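Modelling step: build the complete structure from the supplied sequences, incorporating the hints.
Each chain, letter by letter, is given below.
Protein chains: 2
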Amino acid sequence: MHLLKPFSFSKRFPETEVVGSAFAGKQDHLIPLSFGFPAPESLPVDKMTAATEAAMITQGRQALAYSGGTGPKNIINWIKERSKLREIEATEKEIIVTAGSSQAIDLITRTLTDPGDELWVEAPTFFGALKTFRLAETKLFSFPIDENGLRVDLVEQELIERAINNLPLPKLMYVIPNYQNPGGVNLSIERRKRLAELAYEYNFFIIEDDAYVELSFDKSYTPAIYSFGPDRVVYLSTFSKIIAPGLRLGWAIGLKEVIEKMQILKTDGFTSVYVQEVTKNLLEQIDMDEQINNLNTIYLSRKNAMVSAIKQYFGEEVSFHEPHGGFFLWLTFPEHIDTSEFVDAAMIAGVSYIAGKHFFLQNEGYNHMRLCFTFCKEDIIQEAIKRLANTYYEHVNRNQMIEEVN
Amino acid sequence: MHLLKPFSFSKRFPETEVVGSAFAGKQDHLIPLSFGFPAPESLPVDKMTAATEAAMITQGRQALAYSGGTGPKNIINWIKERSKLREIEATEKEIIVTAGSSQAIDLITRTLTDPGDELWVEAPTFFGALKTFRLAETKLFSFPIDENGLRVDLVEQELIERAINNLPLPKLMYVIPNYQNPGGVNLSIERRKRLAELAYEYNFFIIEDDAYVELSFDKSYTPAIYSFGPDRVVYLSTFSKIIAPGLRLGWAIGLKEVIEKMQILKTDGFTSVYVQEVTKNLLEQIDMDEQINNLNTIYLSRKNAMVSAIKQYFGEEVSFHEPHGGFFLWLTFPEHIDTSEFVDAAMIAGVSYIAGKHFFLQNEGYNHMRLCFTFCKEDIIQEAIKRLANTYYEHVNRNQMIEEVN
Chain A
1 MHLLKPFSFS KRFPETEVVG SAFAGKQDHL IPLSFGFPAP ESLPVDKMTA
51 ATEAAMITQG RQALAYSGGT GPKNIINWIK ERSKLREIEA TEKEIIVTAG
101 SSQAIDLITR TLTDPGDELW VEAPTFFGAL KTFRLAETKL FSFPIDENGL
151 RVDLVEQELI ERAINNLPLP KLMYVIPNYQ NPGGVNLSIE RRKRLAELAY
201 EYNFFIIEDD AYVELSFDKS YTPAIYSFGP DRVVYLSTFS KIIAPGLRLG
251 WAIGLKEVIE KMQILKTDGF TSVYVQEVTK NLLEQIDMDE QINNLNTIYL
301 SRKNAMVSAI KQYFGEEVSF HEPHGGFFLW LTFPEHIDTS EFVDAAMIAG
351 VSYIAGKHFF LQNEGYNHMR LCFTFCKEDI IQEAIKRLAN TYYEHVNRNQ
401 MIEEVN
Chain B
1001 MHLLKPFSFS KRFPETEVVG SAFAGKQDHL IPLSFGFPAP ESLPVDKMTA
1051 ATEAAMITQG RQALAYSGGT GPKNIINWIK ERSKLREIEA TEKEIIVTAG
1101 SSQAIDLITR TLTDPGDELW VEAPTFFGAL KTFRLAETKL FSFPIDENGL
1151 RVDLVEQELI ERAINNLPLP KLMYVIPNYQ NPGGVNLSIE RRKRLAELAY
1201 EYNFFIIEDD AYVELSFDKS YTPAIYSFGP DRVVYLSTFS KIIAPGLRLG
1251 WAIGLKEVIE KMQILKTDGF TSVYVQEVTK NLLEQIDMDE QINNLNTIYL
1301 SRKNAMVSAI KQYFGEEVSF HEPHGGFFLW LTFPEHIDTS EFVDAAMIAG
1351 VSYIAGKHFF LQNEGYNHMR LCFTFCKEDI IQEAIKRLAN TYYEHVNRNQ
1401 MIEEVN
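Here the protein sequences line up with chains A and B, keeping their order. So for the first sequence, our numbering puts the first residue at 1; every next one is plus one. So for the second sequence, our numbering puts the first residue at 1001; every next one is plus one.
For the record, the hints were derived by calculation from the structure and aren't laboratory data. Source: prediction; values computed, not measured. Hints are not guaranteed to be accurate.
To be verified - Calculated cross-link-like contacts (lysine-lysine; reagent style DSS-like; alpha-carbon spacing at most 27 Å): (1) B:Lys1005 <-> A:Lys256; (2) B:Lys1193 <-> A:Lys5; (3) B:Lys1256 <-> A:Lys5; (4) B:Lys1219 <-> B:Lys1377; (5) A:Lys256 <-> B:Lys1011; (6) A:Lys93 <-> B:Lys1005; (7) A:Lys11 <-> B:Lys1139; (8) B:Lys1011 <-> A:Lys139.
Okay, structure coming up:
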């Protein structure tokens, strides 16, 4: 009776490879340099405990309801004030709190595009965003980055060419302006201005994903792209990198009209009032500048440890831009190397990373590798890079031997 | 320079009227019978406080990370065990935890349908689900309910006719089997069986939205539709109605293949580990059956108060099915009445409700009204129904006067 026929799922699911799932601590001997995890020591557990107690005692009933309480409002106010550091002036109705930045990327993409619409990205770029853009069935097109971030000149050239030839223009451009993931570079102020101008001229929106802005070793802040074009930029940031990812609290800032549409698409309803009440209390109790200073002290030391270890074990074999903040080092190997070929060998040797190709649209970036320097302590990083170098040279030697045999 | 051109947003946004936003407590004098809020007195604030402290002390670091900890695993186990009461046998890989049921509805819809696909619903049905289905650009078609729930015979008739005439068959059917929102009725066991059989025969999926199953005044459980067709039913439920909506914790149970795809679409990443750790601790400390008994004692008394008040103030003017659980009373007014015409007058008089038309696809259900009996205390309910009746009769009298003048 219950004969099961094959069912056609939605066409939106792409046939892309899943990025390795080497989650921290899954294997006892594994040192994870793959995913972007904060330093466990940096998580403000004691202060969170106090904040949570305060939230439950003073706002318990509100925290457990669908909406209301003072938490959400106070968080919006905090975001408003903090954004002024990036020269962003926004009203309450121009801000939406989301379940992490990743939800904001999804909401804004589906607010501004339909399947088949052009969406432009940097190459390399965050694989999680690429996944979201593919699920939204957008047509992706990418531009390289250099030491000063996205090559805005090439974006302009492409826009001009498309306009002349009556070809489709982008609806959206996705940019990570500070401590780019994975490149580690920062977009120069001149390019920010020019990009914002292009967005007005060619009528597209920019998603400015600013997850790493606070993680600046030299405390330098460049004004946000948003500050040069508030009507065509949606600015995203998150508490994941400065408090804790477990909260799943991020935000978006943009035109009221855009934020309203994002709220309609936000089918989880309101982001947990409970989490917002707790976070509100934490924000009242914590000295955020001190918290961020502490983070950056830890991360600078770990970045330095990783850079030294790479120089020690890889010498001239790899090159990289030394980032002034953020989470990642982006390595470039010799052209003929495909880093995805020794992901498994590295796992066996007890170290994980993300192969370069995952950060590109297709058939590109094979000779790159992303390493996260924030999660592990200095001595562990040293050991991880040693394991990685061993794995790499074994891989190179094996390939050479195979070539010689053939 | 910054000339702003008009921008075309995604076509997915429908032009439907927004359902009134009469949130509890927004106006001091307003008694909200509109949205489905639990009794504030029922929220387990003290136990939540203890659970939160325990979570932070024993699992603080894990609770603040992206994933891991024992919370998510223990919650899945709790769901597995509790589901056995509905005769649902599921493995871990067949369960996904979501940000409330509403996120699960969104994920499953976009997993199983593409724009233009047929999605069938009950009439009336939950307006939040209708919103999600419209945003997914599905083609909606509806079937009436009676005292025994969805008219499965009419569904079957339509399936046969479509198959004969080579017309599109549904990909999905959305059903609320227990204490239907808004109808308050329960789907009979015979109809559950037949519906599951039809899903196999005509190869569509059923979304079984079981948010209200625990809120049973007579503690009666009918086996879930899922139990009759696990390969073609995705079962949804939530902690919102039995613990607190502020947590935003719900779940879906279905084929491993379906759950995996839902996880891919879940772009908020994992549902807050922090909330899951806290909830895990609560589940360990709380006697869930006692918690649910308490809820049902409160809700039965409030339902009775609302029924008496309606009989007192409306007499024979309205009819309704008296529900044995859930959150809502669904009133039927005389045929020529349009309840949306006195929503504003009722607000001014200090009572809110949801007009019937929002629960239907189009141009239907004008003479209905949904009232929530769980949020307010008995004496407040009495006052609210008095205000509602006054507003209604004033509306009827005014309309009669206008008719007489013309």
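Hint check results:
{"no.": "1", "hint": "B:Lys1005 <-> A:Lys256", "verdict": "holds, 16 Å"}
{"no.": "2", "hint": "B:Lys1193 <-> A:Lys5", "verdict": "holds, 18 Å"}
{"no.": "3", "hint": "B:Lys1256 <-> A:Lys5", "verdict": "holds, 16 Å"}
{"no.": "4", "hint": "B:Lys1219 <-> B:Lys1377", "verdict": "holds, 22 Å"}
{"no.": "5", "hint": "A:Lys256 <-> B:Lys1011", "verdict": "holds, 18 Å"}
{"no.": "6", "hint": "A:Lys93 <-> B:Lys1005", "verdict": "holds, 22 Å"}
{"no.": "7", "hint": "A:Lys11 <-> B:Lys1139", "verdict": "holds, 16 Å"}
{"no.": "8", "hint": "B:Lys1011 <-> A:Lys139", "verdict": "holds, 16 Å"}
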